[in-house]
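If you read the protein sequences in the order shown, they are chains A and B. Just so we're aligned, residue 3 is where the first sequence starts under our numbering, counting upward by one. Just so we're aligned, residue 3 is where the second sequence starts under our numbering, counting upward by one.
Worth double-checking, as some hints may not be accurate.
Okay, derived cross-link-like pairs now, DSS-like style, lysine-lysine, Cα gap no bigger than 27 Å in a straight line [as the list claims (entries may be wrong)]:
{"hint": "1", "chain 1": "A", "residue 1": "K338", "chain 2": "B", "residue 2": "K139"}
{"hint": "2", "chain 1": "A", "residue 1": "K47", "chain 2": "A", "residue 2": "K99"}
{"hint": "3", "chain 1": "B", "residue 1": "K98", "chain 2": "A", "residue 2": "K99"}
Keep in mind the hints are simulated off the structure, nothing from the lab.
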Amino acid sequence: MRSQQTAQDSNSSLRPFQRFLLNFGAGLGSLCLLLAVLAMVIGIKPLVFVSGSMGPGIPVGALGLSVPASVEEVNVGDVVSVVNSQGERITHRVVEKAPEGLVLKGDANPVPDIETYSVEQVDHLFLSVPGLGYVVTWLSQPWAYAIGLLLCGYLLYIAFWRKDSKPDNSDEELHGSQSAEPGEQDSHSRTAGRKKLGNLSRTIGGLTVVVLLGALVLQVPKSETTHAAFTGSATASAAVQANIVQPATGSLACTESRVLLLTTATVSWPAQQLPSGARLAVRTKVDSSTYRYTSLASGATSTDYGPRLNLIGLITEGGAQTMEVKLLVVYTTDNKDVTESGSNIGWVSPVADSPGRTIVYHPGFVLARDFTCS
Amino acid sequence: MSGKSIRVKAILSLGILVGFGAVSTLASWTGQATATSNISTATVALGVGATTGSATSASYQMPINGSNLFPGASSASVVVVKNTGSISAPYSFQGKITESGGATLGSALTILVKTGATLSGSGSNVTCSGGTTLMTKNTGSSFGSASATRPLAPGASESLCVQYSLPLTANNALQGATTTIALDFTSSVGS
Chain A
3 MRSQQTAQDS
13 NSSLRPFQRF
23 LLNFGAGLGS
33 LCLLLAVLAM
43 VIGIKPLVFV
53 SGSMGPGIPV
63 GALGLSVPAS
73 VEEVNVGDVV
83 SVVNSQGERI
93 THRVVEKAPE
103 GLVLKGDANP
113 VPDIETYSVE
123 QVDHLFLSVP
133 GLGYVVTWLS
143 QPWAYAIGLL
153 LCGYLLYIAF
163 WRKDSKPDNS
173 DEELHGSQSA
183 EPGEQDSHSR
193 TAGRKKLGNL
203 SRTIGGLTVV
213 VLLGALVLQV
223 PKSETTHAAF
233 TGSATASAAV
243 QANIVQPATG
253 SLACTESRVL
263 LLTTATVSWP
273 AQQLPSGARL
283 AVRTKVDSST
293 YRYTSLASGA
303 TSTDYGPRLN
313 LIGLITEGGA
323 QTMEVKLLVV
333 YTTDNKDVTE
343 SGSNIGWVSP
353 VADSPGRTIV
363 YHPGFVLARD
373 FTCS
Chain B
3 MSGKSIRVKA
13 ILSLGILVGF
23 GAVSTLASWT
33 GQATATSNIS
43 TATVALGVGA
53 TTGSATSASY
63 QMPINGSNLF
73 PGASSASVVV
83 VKNTGSISAP
93 YSFQGKITES
103 GGATLGSALT
113 ILVKTGATLS
123 GSGSNVTCSG
133 GTTLMTKNTG
143 SSFGSASATR
153 PLAPGASESL
163 CVQYSLPLTA
173 NNALQGATTT
183 IALDFTSSVG
193 S
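With the rest of the complex left out, here is chain A (with noise of 0.2 Å):
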């Protein structure tokens, strides 16, 4: 404060840093003024990137500048700033339009956000100052609220009250004009009474500026910057084999044997190992496109072809008649026994390599008919 009583001498001219500093003021004040108007008027909005997702574009520690704009006016590869379901705001690449919402990818992940962003309004980035986040950042801290109060409280001070000063008596005027007591006008060296009048709402005009500004930079939240996702990611894969079930082993053997005039016919085969949850089933072929299964127990190794047989489709007069059997490993649906249609079957091994014999079917009423091998 020192220079300040010295250029105080004179009333008209100002020392070249005081001349700088009121120049400086004005600039950055009057951008700040267009800046605040602009946001206000078309919704531009203040972006810091406080992380490197979208580098090295855009780095950490940019500033953006963004507009609103609906979805639709969006297109791939633009990049857009949104509220995510965490409320972090987000501002990545859109990468595609799905019906559901936006998906977006930072420049720098390598997939896009996982979230797909159910949105009407986005603001949209249309430039990008690397470095000046860190600026707006620091200056959005309560200190520098604080030195840039001094630097327009001292910009008041030498445009306002400097001037109707006396160079002896400046050490009152800063007491005056800092604590803004009323008895600060005695103190000063009497004046004509309209300059005392012109001081005093001077004075009461500069401090109610002042202390609005003041409540202002009280009220506004304390710095907040935001988003530009980082993301990382990893896979973790497996190769998910099924198995193939794989035919009975062995060939089928028939035996025949005789009660009264009639001959059943047995097949059997060779014990089999099943894999978990199969069974054996043989299906047997009663015309040219019909088959009938037979269920069995586990643990079989034969089933008989007798008079008392009486699958669904055999017909009950005419010539005797060939039919293949086939010995099936099989899975059903429902976990039950093979229903004689096949219905349930799941899985079944490879019919062609798969054990079979042929019988012959000899119809003929209802227990006048009977099997005998081939």
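Model the placement of chain B on the given structure of chain A, informed by the hints.
Chain B alone, transformed into the frame defined by chain A:
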């Protein structure tokens, strides 16, 4: 410099304060205060692997515990996901099926992803027992949306158990089919 222009300039300089206020006010979109120190070059990275010690790579082929699948059978894999970055980062995962050979084995599988589960059983009946189910994919459908996010501190890891079950109703055409089941892990930090 005239007194008037000095005064005009001094008043204009008050715009600095308005500017400060505007920037912070307009920047207050989330309602969550974020300090300056949050501007950082922190890294966010995930590793996957068999164990906490080896979970450092970005990709991992999970071995299958259990035999190849028959209808009604199940097998399982274990993967450890680890935060290898420098800051705490929640992660989520998304399942992905890559079918091969024209068969749709992956679609037919019922898949569970659990945390805190242990492998149990052997042969055609290996399951993830106990724990909490984080994701379920039913037979006949594809994976749904990504899992809920799970917190993961730097250096911390979480073991996940993935269970593959082939239902009894599996189509016969799926015999011998193969499919690749992948879990894509993503961690994301918003600030």
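Now for the hints, and whether the structure bears them out:
Distance restraint check for K338(A) and K139(B): the Cα-Cα separation of roughly 26 Å lies within the 27 Å cut-off, and the hinted pair is therefore satisfied. At most 27 Å may separate the alpha-carbon atoms for a hinted pair to count; K47(A) and K99(A) meet this at roughly 23 Å. A threshold of 27 Å between alpha carbons decides the hint, and for K98(B) with K99(A) the separation of about 21 Å falls inside it, so the pair holds.
Every hint from the earlier list agrees with this structure, and none is contradicted.
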